[in-house]
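Trainee: First to last, the protein sequences are chains P and E.
Using the working numbering, the final residue of the first sequence is 1007, and nothing's skipped along the way.
Using the working numbering, the final residue of the second sequence is 1007, and nothing's skipped along the way.
No wet-lab data here; the hints were simulated from the structure.
Wrong hints could be hidden among the right ones.
Note that the list lumps identical chains together, so a pair holds whenever it fits in one copy or between two copies.
Cut-off 35 Å, straight-line C-alpha distance, at most; resulting in silico cross-link-like pairs (DSBU-like, lysine-lysine) [to be verified]:
hint, residue 1, residue 2
1, K791, K658
2, K760, K642
3, K673, K760
4, K579, K877
5, K877, K760
6, K579, K481
7, K791, K642
8, K505, K673
9, K791, K673
10, K673, K579
11, K658, K760
12, K791, K505
13, K658, K579
14, K760, K791
15, K579, K642
16, K642, K481
17, K658, K673
18, K877, K505
19, K505, K579
20, K579, K760
Computed from a predicted structure; not experimentally measured.
Okay, here's what each chain looks like letter by letter:
There are 2 protein chains.
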Amino acid sequence: MIRLATSVLALAIGCWSAAAAADTLIDNIQGITVDEDGKIDNFTGLVIGDDGRIREVLDRRDKRPRDIDFQVDGEGRFVIPGMIDSHLHVMGLGFAAITLDLSDTNSLEEAQARIAEYAAANPGRRWIMGRGWNQVKWGLDRFPTAAELDAVVADRPVWLERVDGHAGWANSAAMRIAGVTEATADPAGGRIERIAGTRKPAGVFVDAATDLIAAKVPAPRPADRDLALQKAQEILLRNGVTAAADMGTTIEDWQSYRRAGDGGWLKVRIMAYAAGTGAMELIAGSRPSPWLYDDKLRLNGVKIYLDGALGSRGAWLKRPYADDPDNTGLPLLTGSQLRNLMSRAALDKFQIAVHAIGDAANGEVLSAIDELAGTYEGDRRWRIEHAQIVDPADIAKFGEHGIVASMQPVHQTSDRLMAEARLDPARLEGAYAWKSIADAGATLVFGSDAPVESPDPFAGLAAAFTRQGADGQPFGGWRPEEAVTRERALAAFTSDGAYAAFAEGRFGRLIEGERADFVMIDRDPLLATPDELRATRVLETWVGGERYYLAANESEDAPGNTSAR
Amino acid sequence: MIRLATSVLALAIGCWSAAAAADTLIDNIQGITVDEDGKIDNFTGLVIGDDGRIREVLDRRDKRPRDIDFQVDGEGRFVIPGMIDSHLHVMGLGFAAITLDLSDTNSLEEAQARIAEYAAANPGRRWIMGRGWNQVKWGLDRFPTAAELDAVVADRPVWLERVDGHAGWANSAAMRIAGVTEATADPAGGRIERIAGTRKPAGVFVDAATDLIAAKVPAPRPADRDLALQKAQEILLRNGVTAAADMGTTIEDWQSYRRAGDGGWLKVRIMAYAAGTGAMELIAGSRPSPWLYDDKLRLNGVKIYLDGALGSRGAWLKRPYADDPDNTGLPLLTGSQLRNLMSRAALDKFQIAVHAIGDAANGEVLSAIDELAGTYEGDRRWRIEHAQIVDPADIAKFGEHGIVASMQPVHQTSDRLMAEARLDPARLEGAYAWKSIADAGATLVFGSDAPVESPDPFAGLAAAFTRQGADGQPFGGWRPEEAVTRERALAAFTSDGAYAAFAEGRFGRLIEGERADFVMIDRDPLLATPDELRATRVLETWVGGERYYLAANESEDAPGNTSAR
């Protein structure tokens, strides 16, 4: 009341410029961003308005604003744009995280204890689901039994997949629900383990017999889905990922995203690509959705699968697999089916993302784009997902029609030995050819394919410029000529990831006017050794000016964080 | 600039009270609302803030605010709360409106002209769909033919239902798509009309044979759905309806509502009741949705069908139909199925709306509510939809557990002769028993069941206090002891309709703080004769402070409307 006039004036200013009175200053940082020209730019402070957008990017000599509500002293730490993962499965990541993982158990007893603990911690789950057990690792010379599961969980069905996915372990409740009894015959292609000397099912089901139980597992309930979404967001934020291209969004996934948006708990930005044109139409109608919830969610387009994966020899190749001479893999769609789906989506201005792993698949998508680009003009940003094995003769075509190559650096390091087995060395010239594809003129963007790989983008960055795995192998890098610079890798995980999802100008760079999505880390990603980079500690993750992740021993009360309120 | 200090002060006030600078004044009106005690209250002016809420309700002697941006001079006309239709089918209403209606054609030639005109006006529709033709009315002694349709529309399939729904008329394109040829046999229970002396299908399909074509009609595309929603909103607004309980919302319906909300073209408030528990879960998850888009949309609960309708003898009766002594109708669910569905929804706090027409169905829902109310405590507002035929012995039960009786006045006037045929007079004591049910203590709310009946709420109001049809029949009203007062009828179409959908305090009354949803009409609904009331002209319809409907010869530039900007 003493300062009435000033208060009134402050309020008035608040009216003209709604956020001035609620700015946040992130100061004393070593800021790194890709700028509007694709170059690296540095800064030492950020001013964030209460609309969650960057109001000012400050250099060392810039004057700091005086009316700041909340101030963070970065103590010289590094700040980079929030990482954008251009290819992952948000709900898959979340479900993997809330499913019991037995892969690191070393004995049946340890597994039993883990199962009991999980069941106790999840009283609301109607089925206990898990994976990863391996009786060989446990030192058992037999499969485990239903009775051994009943001993720890008898009140609810339990169904646990073996590490290889080729067998499952059920308790008696699960078998009862599935109606499996002595009278149940082994299905074609499958085997029901029986108690020695009897017909009584023992609890383990092999290959096709797993369906006897798996088919009875109820679809997840909305509460399960929401929990998975929450977990996925936690994991992404902990890894410094603030935006994710969700590849294969179902209506159920979308409804979870909307519940999160409506309920105010959508934290990570989701650029969704529907699981097929049916889901696309049901989710968004006859146009991509608007950006919803302050740019947190949009249905951009559709994900279309053209082939399978290399490991299972489902990738569609121009010539047979080196280790399977009668097999070239298979396209999942005919040429006209592919074009029809692409046309249907393109007609309604949806963005198209085609999964193509093998060189035949990539060649086919490139042809299809070339044919359709004349009809569906304008800024389409045709995406090819994975683009793992490309015929060198086709690489130049990535430079046409504004194609986006959405690739996953860690796949290269995980898959290289398998790829060498599947293909002759001569056919690996266009394999994981990040640099050649980018140099051809494609927009190169990076992702993790989580939960297939870890969503950690720093592992991706390290692979991107070294072509080496976390073990440092192979020495000098695998086909190192396809490595990209750190700067290009950072762009592929930030600004170019935004562009690939029509989000440029909204987020992806730390420049005035964009959403304040950033990560505070403990080392310089442009200078750290690959090993150091992989060990990067994410200290804080901010999305739209909100700090959604703070590393455990970073505290609100730490000297570096002061509130001006 | 001259008045800086004042401007600053004004801005500062603007900050505290964001809408003060953008108020709307509706003045010089004869305002009528149901007040918080359920009594009629009168007023002469409304001040609406720019948040779309009522800021002030003014009496004649109240001072008018000076800073008003937009002012409407009501010129003494009547203003009532926006009407709430507590039972209709929003998308059904819209689709009916965009489907070709031939019911008023008097010759084949007239019908052909109408079809050609409709096809030309709807170039984007893949199928031309229509209904209502009647060759008898046309003076034809035969069915029309495919060739006669081809003569006006040959480029697209055409499928037109006969007025009774028991036959359909296809053109050649439709028959081609359906694969109907000379070789197609008549299905059981159906007949394909043939060209005399040949096996060639003539174009008309009777009873079960209609499925041969109908099954090929593609599901509406999102653009069709959005058009239907737009039309439904236009119709409702034109009728003075500002909020609608949508009974049987599918995921496709919901997605249209969300597109409208996201795109800023959702005008009518929709309180949705999902088409079954599956749709409920998919739409909202494990709790009713929040109120979205400034109280424009909420998934409240689930619609459950317990029986059919009286006309088709599908309503479930305690004793056989008078005109079908072996038939009592049938429940669509067993007692335990009903209770299971209700429990599943109630467990997750969804509101439950059960369709019950016959006295057995009503008795069964009342029992189920009585049994479940102990388990699912709190404010549940169990809804019984229609409640048409109630055993007088059961009426008192409507007063328990806070039951909402959602009834449709016009059904009584349309159905009375049919009801008398179906049931003995003695069994009509509890038929359309609005007053008895309300007096028992239920919350009585009214709706139209559009598109089954017209959505015009003034016809509903007139029926409610007269028990007479638009023709004034029967003299003195049908079972006039069940008429309600005009005041109670108005509450059932406004404030109580809001309560029935958990919307009280948000809209439904014209009192300070509620959304400014109101209708300007040309006569006094509390004094007009029934005939006058049915002829009410809706002049303006406002939702949330936005005028979404202005009658054709009312103009923005009319002397009564002045903008202060």
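Trainee: So which of those numbered hints doesn't the model satisfy?
Mentor: Result: hints 2, 3, 4, 6, 7, 8, 11, 12, 16, 18, 19 and 20 break, sorted rising.
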